[in-house]
Each structure stands twice: as structure tokens, then as C-alpha cells.
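Following the hints, position chains E, P and F against chain S.
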Amino acid sequence: MLQERDYSTVLRSLSPAAKLWLAMGLIFSLIFLKNTYYAFAVIAISIVTIIREKQTGLFKLLMVTIVILFISMYGIYGTMAPNIMEGDPVAFRIFNLNFYTTGIAYANRYYLRVVPLMCALFTIFLSIDITDLSVTMCKAGIPYKYVFTFVDSFQVITLLRKEMEQIRDAQRARGLNTEGNLIQRFKAFVPIIVPVVANSIIKIQDQAIAMETKGFNSECKKTLYREIPAYKWNVPVAAFGIALAVFSITYRILVALKVIEPFISNII
Amino acid sequence: MSETVIRTENLVHVYPRGEVKALKGVNLEIKKDDVVSIIGQNGSGKTTLVRHFNGLLKPTSGKVYLFDEDTEGQSVAEMSRRCGYVFQNPNHQIFTTKVIEELEVGPRNFNFTAAEMKESIERVVELMDLKDILEQHPMTLDYTTKKIVTIASVLAFKPEVLILDEPTGGLDEVGRQMLTRIINMMHDEGHTVIMISHDMDYVAENSSRVIVMCQGEVLDDNVPEKIFLNSEVLEKAQVEPPQITQLDLFLSAGKNEETILSVEKFINKYNAKRGGNN
Amino acid sequence: MANPIIEVKNYSYKYDGSDVIVLKDLSFTINEGDFVGIVGCNKAGKSTLCKSLVGILPFVAGGSWSGEIIVDGKSLNETRGSGVTDVIGIVFQDAESQFTQQTVEDEIAFAMCNFGYSRELMIERVKFAAEACGLSSMYDRSPYHLSGGQQQRLAVASILALQPRVIILDESTSQLDPIGRDEVFRLVRELHRQGKTIIMVDHNIEMLAEYADKILVLHEGELVAYDESHKVFTNKELLNRHSVRVPQVTDAALGLKETYTGNSGTPITLKEAEEYFAGLKGRGDQHE
Amino acid sequence: MNMNTVDSAKGRLKGTYIAIMIPIGVAINYIGGIIASSLSLPIYLDSIGTVIVAAIMGPWVGAASGALYNIVSSLISGNIMASMFAICNIGSGLIVGYMARKNHFKSITDVIVATVLVALWNAITGAPIAMVVYGGIDGNAGTNLMIAGLNAIGTDLANAAFLARIPVNLVDKGIASVIAWIVYKRLPDHLKTLNGSTIEK
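Here the protein sequences line up with chains S, E, P and F, keeping their order.
Counting from 1, one number per residue, gives the positions in the first sequence under the numbering used here.
Counting from 1001, one number per residue, gives the positions in the second sequence under the numbering used here.
Counting from 2001, one number per residue, gives the positions in the third sequence under the numbering used here.
Counting from 3001, one number per residue, gives the positions in the fourth sequence under the numbering used here.
Please note that a few of the clues may not be correct.
To be verified - Simulated coverage check for chain E against chain F, where a stretch passes if three residues somewhere in it have a Cβ under 8 Å from a Cβ of chain F: (1) 1071–1084; (2) 1136–1149.
Said to hold, decoys possible - Output of the computed footprint for chain F on chain S, the stretches with three or more beta carbons under 8 Å from beta carbons of chain F: (3) 54–67; (4) 78–88; (5) 99–112; (6) 192–199; (7) 203–211; (8) 222–233.
For the record, the hints were derived by calculation from the structure and aren't laboratory data.
We put the CB at the ideal spot given by N, CA and C, even for glycine.
This is chain S alone, in the form it adopts within the complex:
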């Protein structure tokens, strides 16, 4: 039963390293290919995966950002992007505002780069187990103590969040108003944050001692408990990510040198 994990899907079984290579490939391809079809394909695949992986709850929060970006980008860039020239054709008008085709193109350029990336990276990174990631980091040569700091951050957040809820309730039980007007709510901040901070610093002293007894400072070579299990798709996925990155960069260079014509449906 040691190291029992959920390996029910390909995404969950992939090693963090393979996912990081894949992420790199996606980043380069979305920046350099500048292809509308490709951007939409990445969004579609990501969303299907998110639904299959049942991550939709958290994705809703990201959707809010995506919608804000949509409104701001097309609203601002569409009407006053820096590349709009006088006399550019107007695509459409809303409330006396002219949306220029060049402006829309500017918005497309950034929106269709950022949003597919947000969706794809969301899928990839949320499926990475933090402990597995830490093992990968150690193997990549990042010092043990740095990796510890990274992993511990997630744990401290969980702990402090629990404490914060207790503290908030304890202060409300002494009459702290957390629901009044803006000024009252601002004033309620201090009685909650002070015990959160004081508590965590009090605990540091004990934790440092506890870690000392567990040999955190011992000078011997540190070893790792976890091993990332081999999985048949690890190498192909990593190779695909690297190939995608190399292909995208080469493509962009060739286009810039005018050796080849850009693909159809290129984002301007």
C-alpha cells in the first residue's frame, strides 16, 4: 500500500517533468504559431479535460478572469489600441464607440495567446502533485532546503487558514463587527490578522526546534522518499512538448526570414 496514488487517468499518471515539458511546448507554440485554429483547439481540449477531471469548480474562478479580460481587451484595444490609424475601417459601433478592425486584431493577438495558455496551464498544473513536483525539483538540482520551503508553503496555508477561521469567530464572539460599512470592515481586519501573525511566529520557534530534532540541519546528504513511477506516456509527452517548442520557434524564424508563407488564419 506504500505510495498509493490516484493514477486513474493519463493526465494524473504523467510525471511532473513530462507535464512541464508539455507546458513549455504549449507556451512556445501559442506565442509563435499565432494561429487562430490552434488557439481555439487548445482551449477546446483544455476545457474537455477540465470537465473530465472534474476541476470545474475551481475553473469557474478562472472563468471570471477570462471574462474580465475579454471585456477589457476587446473594449479597450478594440476602440483605442495603439495600432489604430485614422481612417481604419470600423467593424461595428456600440454606444457611440467605434470598434476598429485593427483594434480587434490587436485584441485577438493578446486574447488568443493568453486565454488558451490560461486554460492549458490550469489543466496541466492542477494535476501535478506537489510532493511529486518537489521530487522532480530536487532531481533537477534545486537545493533540498529550497524545495522544502516550497512544499511547506502549501502546508502552512492550510494550517493558517484553519486558524484564521477560529480567530475570526473568536473576535466576532467579542463583538467584532465584520459586516458593517466599509470603514467598520476595514477596522475588523486588524483584530483578525494580528493573532494570525503572532500565532504563526510563536509556532515557528517550536517548529524550528522540532525540525532540528528531525535532522533538518544535519550535514549528511539528503535522500528522497518518493520515487516518480515510470509511465509509458512520460517520454512521448515530453518529446512532443520539446518538438512543439522547436517547431514553433523554427516556424517563426522561417516566416520572419520570409522563407515560408505563414499558415492560413494567422493572427495578425
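Below, chains E, P and F alone, put in the same frame as chain S:
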């Protein structure tokens, strides 16, 4: 018949992300001069129950009445004013730099006048012997003193009901004696004390009524003398009576005329028996 | 023959920058296989003593000291505290805030990673420690999703994996419910039975009376008593003077006008008391 | 009594404190943000931990916790792109850390100076990141409105992206710094200096 302070009707609570009912229809009535102890394992619903008394939790269904008023729509502040709640960990409460300021937090939040505040703080300082540490930084105090300060900071706004969550946890003997003094004082002034505790010795000696909870239900609700005799209920709730009670139960082999809850009573009982025998 | 594993000789300690001497001229010996309970009110110096026994104080966290502590034949004054962790493991009160890993098994392995154990050995030890502490079914759980008793057992497991000969528990049970408290005490008794030396700071006098063979009483940094549990717990006058209770049954036995006879003298546990007071059994009925 | 002393300031725990303080700073940032949103405050307040850690442990530890916060929070929320702004938080840590080291994190004037510097740094570093990645605006509706406004009155996009960030950061980082300063002042002395000792006066 004394006045009812808290009454719950079919109180049900389900936590937002939980599927299990944390409280499954609790009906309770707490009287004015009760010193109530609520016992049971973690997860039995004790804390969930009492957090309805000061509004930190709202019923999923059912009613909570505080001094015969329906608490629906009342704010935490309104309810806490009358129903003071001392949390288990004193570090969760302290945020000022002087003990005296810590005591002033509650009265200030509840808009006491300067005179009222002075009077009420002087009273708790006197009662709890805090005079020497008023200017100290509360975060530098030892655990027992910190805990006493947090109880004082709640008493400072003169609640009519005092709820203590695990008051004896981490307290030494000195602290326990101070706690008993506070409970007695509240009781003498006609106020209500409700405590959640795992400390059966303390519960047996210091409460007038014990409520046993298990899996969101009240298993039993009676005077401690009866509760600690009811082995069936205790077993179900997985709590053990105090050692002295167990000893007395063993010696009297079930034929008990009176439940022994403290060493003092035990000594009196058996000394008297010897006397009678001679 | 008793084999001394910890010898404390005229040890005094004070914290950096403070004038208060927290531990005053302590001398005592703990033998391998002992189960020592440490009692005393707040500020007695119990935690400071525990940290001194593993050399954290003064050698890691600083402070001033005199005298010496010898662990397994080696003076901490010479080793400056290094190597003690092979002999002594210590578990602190607030287990929850000391967890740093995402799952139970990683938490158990954490100390071993720090000491550079091989992976094969770690897997074996994780299995051993998890089984000993009853955590085998929860390898994959987050330490924060355990009950209080399970968290304390996990804290013990992560120390146990290093296979120390002495385990110190500093107020491990004070925040637990009765089930959790019993879980910890049962675990500790089992470890003691397997030959571990146990040092336990606890407020629960009745439980200590039942489990510990020796009791050490501290009061304001001074050693007030250190002897067999029986001798210490029946000395009510001495304990009360230092704000320590005696077990309820002991209190009862000492309070009755007449003394009864039992095989083991004044009782300190329920079992002993039942035997001790056996003469009283049914006496009331006869009388009626 | 004749006693030997181990100087705690040279204690071995220094490294351990750094390794634990960085996560604590990250977590306080995160929790500050949660409290702000649970009180429905209109700002983030997610840099309090960076400032406090910098004040206690010095500039580089503060900077590290600031940067790590962006990475960790982006991993928790899944908005990985947001981790690009890690550079901005590094500045908050460095500025407050150096001020505290020179004993300039005491009075309210110090806090105001710190706030202005922090806000400027955030605008200077935030604007180019937003320019390259998003074309000038980012996922923050408030900043975007300001940019739109500045743009409408004739400021070009790059300048608007910079200028709009100044007031937004002044308010958010400013209030966060003031709160961090209040918290820091309220800590008892022995919690303010963690250079390897257990109790220090």
C-alpha cells in the same frame, strides 16, 4: 421554576460541504442558574451546538431562542453581547499589546460608556487577580495566565451566559482553582455557565447538569449524579466517569443510594459507614 | 542490571538575555527501559528540561548552563548535542503545526530524508512505524485531515521511524479528547513494552499513575521529587505544596479515617484501589 | 553561579528559521487576501506577509516570500499566468527589508515612504510585464478601468499601463504596509527578532 435562557427546537445543522448532519434535531432548554457541561467525543456536535447560542452558526432548520426571543435574524454581535463565548485557544483571541487593552476590547465593541467600562473592568481585575499584569504584553504570558485573561476579557462585557470551550485544557492546578472560582461567581450572580469539556473529573465536580452528546444527538441530559451512573449512555458516548466514581460503583456493586462525584464525598460516605458499623 | 541512558548532573539552565534560572541544579538518572512521568505546574521548567535532554538547549537554541547531561555515555558538553537524535526522539505538544509534508507517509519519512537514509530502508521503516502507530490505513491522507489523537500518533511515528531508544512526549495529550488521549497512552505503553524508554510530561495524573514507573516532580526549576510512582503519588503533602494533585483514589485512601490493607500499600490506580478497598465492598449492604 | 553560554545569535537555527519564515510569509499573504475578500474589502491586501517577514528577517527573505507567494497562489488558483507578477512582490520585500535593517520601519512616516517606493516599484515592474503578456492591461478590472480612462484622454497605452498602476498600488500596497506595520508593532519583542535564539530581549 427558574427562567429559561436558551431553548432550541429541532435544531438541525449541516455544514456547507458536509453530507452528514452535524446536529440532528436537538431540543434543549437551559435554565438561568444552570451550570451545564456538554460532554462527548470530538465530532459529536458539542461545538456546533453551542455556536448556535451566540450566532456564529445559523440553524439549517429548527429554532434557537435566547431569553425567549427567536434569534433568527439576530447578528452575532447582538447575541454575543448576552452570550459570551471563550474559545479554547487563547492565542486565537489576543491581539493587543497590554492586558488592560485586551480587557477593553469587548466593552468597547459593545459601546460601553467610559464609566461602565471602568467599573466592569475593575470588577474582573479584582475577581481574577490581574492587577499585577495589567501593563504586560499578553503574548508573553504563560498559557494558564493567557487563558485566564481571555476569560476575563469576555466577562468584562458582562454577558449573562458564559460559554467555555474546553476551559481546563492545558491549565495547571492553580488555573483550575481560578476557573472554579469564576464559575461559582457567575452562578452566585444568577448567571448561566455552559462548558464543553473532556475533563470528566472537573465536569463531575463543577456542574449542576450534564448533557451527553453523540453523533449530533443528545444522548442524555440530567444531573451529573444520574449521568455518571448511566453506563449504557457513557459507553455509547465513549466517556468514562471519574476514577473516584468508578471506584465507588465497584464497591457498592450497583446498589447505590448516592453517586459519588468527588473524593470529598467518597470520604464522607465511607467514613460515615465505618462509623455506623462500629 | 539497570543501564543508565540519561544522566543529569548538577544541571542548571537559563535563557539568553533573561536573569531567571529556569532549571536549578538538577541531578537524576534515567535507566534504559524506564517509563518516567514528569509533572509540575506551569513554569516548572518541564519543557525546558525536555529540550535540554536532547541538547537543543543550550547547544542549538542558545542560553547559559552549568553542569552536564550524559546521554548514552556521551557528555552533551563534548558532543554539543550532535548525535543525540539517534538515541532520543522528542514529540512536542502541538503536533499539527509541526507537520510539513502533504501526506502521512511523507511526514513519517521526512526525518529519515534529512538524515539521508536509503530509500529501501525508508520504505521498510515507514511501514514499521505506521503499523506500530496504527496509521497503516491512512498513508495517503493529509496530516491536517486526521483527528487529534491520530495527529499525535503520526508525530510519534515520524520519530519512531528513526528507531530511537528513548521517546520524550511533551504534553502530547493535553489538547485531546478522551479517545485520542487513550490512543496515545496505549501506543506509549506498547512502545514501553517493546523496550523503549519513555519520558512523558502530562497533566493527567490518573493516567500517569497507571502507566509510569517513575515520577519526577518539578517546581520552579527545582527537582522536588524523583522516585517510584507509588512513593511520589502517596506523598500528598509534598505534591499539594507544589500544586500537583494526587490520583483521586490515592486521595480517597489517604482521606479515610481508617487505613485498609492491600498488597501494594496505598493505591494509586483504580485496580489497586479496588483491591485495597475490597474490605469495604458490600459493607454498606450488610449494615442495612 | 558560574555558567557557560552558547550565543544564540550564532545558533544553528538561523537557517531553519529562514526555511520556515518564507512559507509563513507566503501564507500570511494568502490569508490576508482571504480575510480581505471575506470582509468584502475592495482591495487585495495580499502583501502583508512579505512586509512582515522582511521587517523581521531582512530584505532577501522578504523578497523570497514575496516571489514564492505569486507562484504558490497561482498553483492553488490555477491561474498560472498570474505568477508572472512575482517580480513585483520581490520589490516590496527588498524595500521594507532594507528600511527595517536601517531601523527605518518605525514611524508612520517610514511607512508612507515605504508605500510610495513599493507602489512605484510595482508600477515600474508590473507595466512591462502586462505590456508583453497582455498587451498592456491585465486581469484586474480596477486597473483596466484606469487604463481605459487614461487612454481615452490621450495617454498612450504603454504610459497608461504604468500610470494606472501607481494609484491602484498606492492604495492596495499602502494599506497592506500600514496593516503590516501595525501588526509588527504589536508583536512582543521576542517575536520580532528571530536570529536563532529562543528568547531574546
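Against the structure, the hints come out as follows:
Given a C-beta distance limit of less than 8 Å, the hint that chain F covers the region 1071–1084 of chain E is violated, as 0 residues qualify and 3 are needed. Three residues within the 8 Å Cβ limit are the bar, and the region 1136–1149 of chain E against chain F gives 3, so the coverage statement holds. For the region 54–67 of chain S, the stated coverage by chain F is satisfied: 6 residues place a CB nearer than 8 Å to a CB of that chain, which reaches the threshold of 3. Note: the region 78–88 of chain S has 3 residues with beta-carbon separation from chain F under 8 Å; the three-residue rule is met and the coverage holds.
Under the rule that three or more residues need a Cβ within less than 8 Å of chain F, the assignment of the region 99–112 of chain S holds, with 4 such residues. Only residues whose beta carbon comes within less than 8 Å of a beta carbon in chain F count, and the region 192–199 of chain S has 6; three or more means the coverage holds. With a cut-off of 8 Å between beta carbons, the region 203–211 of chain S has 6 residues touching chain F; three or more are needed, and the interface restraint holds. Given as covered by chain F, the region 222–233 of chain S fails the check, having 0 residues with a CB less than 8 Å from a CB of that chain where 3 are the minimum.
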